[in-house]
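Be aware that the sequence shown starts at 36, since it is given in the numbering used here, and climbs by one per residue.
Be careful, since some hints might not be right.
Here are the simulated lysine to aspartate or glutamate pairs, DMTMM-like style, with alpha carbons at most 25 Å apart [said to hold, decoys possible]: (1) LYS59 - ASP291; (2) LYS298 - ASP322; (3) LYS59 - GLU74; (4) LYS298 - ASP260; (5) LYS59 - ASP356; (6) LYS59 - ASP76; (7) LYS298 - ASP76; (8) LYS59 - GLU201; (9) LYS59 - ASP203; (10) LYS298 - ASP317; (11) LYS59 - GLU360; (12) LYS59 - ASP260.
Quick list of simulated restraints, FRET-style, between CB atoms [stated by the list, open to error]: (13) GLU92 - ARG233: 43 to 53 Å; (14) ALA281 - THR230: 40 to 50 Å; (15) THR365 - PRO137: 14 to 24 Å; (16) ARG70 - LEU210: 29 to 39 Å.
Honestly, the hints are just simulated from the structure, not real lab data. Don't be surprised by glycine CBs; every beta carbon is placed ideally from N, CA and C.
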Amino acid sequence: MKNSPPFAVVTGSQIAQALVGQEKAVTSLVEETYRRHGEGDTVNPPSYFLRFPDRPESRIIALPASVGGSSPVDGLKWISSFPRNIEQGLPRASAALLLNNPANGYPFALLEGSIISAVRTAASAALAAERLSAARSQPRPTRVGFIGTGLIARYIHTYLAGNGWEFDEVGVFDLAPQHAESFAGYLARCGGPATTVRHETAEDLIRASDLIVFATVAGAPHVHDAELFAHNPLVLGVSLRDLDPAVILASANIVDDVEHCLKAGTSVHLTEQQTGGRDFLDGTLYDVLLGHTMLPGDRPVVFSPFGLGVLDLAVGKWVYDRVREGGGLTYVDDFFHELDRYGS
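Could you put together the complete structure from these sequences and hints?
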């Protein structure tokens with residue numbers, strides 16, 4: 036009987052502890068992974084959507100991926116979105132991340148995935164805010180506004196702050212006033228000089244902000260007026276489906292990956308369907324990182340990140356290594372069975 040390959044389970048509390056104070060390190064890792072993806076040293080197939088006829092608002096998404104480099108890993112992110120969870124006091128999203136050994140294909144760890152997903156999303160947003168601001172040759176924005184104030188908004192604020200961003204004003208809007216109030220409470224606990232402003236409408240927040248973060252659960256565009264963006268803000272369209280094609284067409288547009296982002300009813304996908312082409316895209320974040328794409332200062336700039344599985348794998352492997360080095364891994368003995376090929 037051959038020795039069983041090790042298999043570990045990494046809990047959410049372990050992951051959260053490993054990530055404390057690591058905003059700059061994780062953002063650097065995300066940037067490195069974007070560069071690796073742009074250089075072709077990753078495999079990132081299309082995401083697979085599991086939908087339910089009796090629960091059309093819900094879905095589970097599979098994101099298979101592979102990352103090369105000095106710490107290669109294969110794997111799968113399995114993330115659900117069940118909006119009705121909120122009515123039960125549960126987060127909308129839950130996730131698990133499976134890591135596979137590239138040498139033999141065996142899975143070697145299962146990680147709680149929602150924190151990793153939130154962190155890689157937040158790090159991607161913070162990286163984009165920094166690089167896209169620089170590509171416009173303009174000062175950093177000083178008034179940030181959050182439309183949607185759930186877990187992702189909190190992580191994005193944490194990662195902006197952890198990467199040195201300071202704001203004079205933080206705007207807050209959510210369709211659920213209690214969520215906006217909770218987010219305002221989080222901001223108060225963070226301290227700092229920023230003034231928190233609760234806005235009555237998304238439109239008021241947009242007009243008052245030069246960095247706008249969309250972190251909603253919107254399934255279709257709800258912001259239609261391009262004139263709201265006449266002050267040319269930087270927009271992080273993290274939730275992907277908030278902006279009408281009219282807003283996209285009036286803006287400079289950067290995506291994380293063209294083929295991934297132009298599908299599944301995203302704002303840029305709807306714009307492609309409306310125009311019949313992709314000329315409205317100005318490039319990818321990788322293009323910006325390489326300095327191949329400069330952005331105008333006289334139009335809004337919209338970043339639309341579909342969310343790449345390679346980012347989850349890279350961050351997940353980084354967390355796994357930190358927990359392992361600290362001696363904190365919990366192994367499941369004999370997880371694999373019948374390892375003798377010939378049954379002897």
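Each hint, compared with the structure:
no. : hint                        : result
1   : LYS59 - ASP291              : holds (20 Å)
2   : LYS298 - ASP322             : holds (21 Å)
3   : LYS59 - GLU74               : holds (23 Å)
4   : LYS298 - ASP260             : holds (23 Å)
5   : LYS59 - ASP356              : holds (17 Å)
6   : LYS59 - ASP76               : holds (23 Å)
7   : LYS298 - ASP76              : holds (23 Å)
8   : LYS59 - GLU201              : holds (15 Å)
9   : LYS59 - ASP203              : holds (22 Å)
10  : LYS298 - ASP317             : holds (17 Å)
11  : LYS59 - GLU360              : holds (20 Å)
12  : LYS59 - ASP260              : violated (36 Å)
13  : GLU92 - ARG233: 43 to 53 Å  : violated (27 Å)
14  : ALA281 - THR230: 40 to 50 Å : violated (31 Å)
15  : THR365 - PRO137: 14 to 24 Å : holds (23 Å)
16  : ARG70 - LEU210: 29 to 39 Å  : holds (37 Å)
Violated hints for the displayed structure, listed by number in ascending order: 12, 13 and 14.
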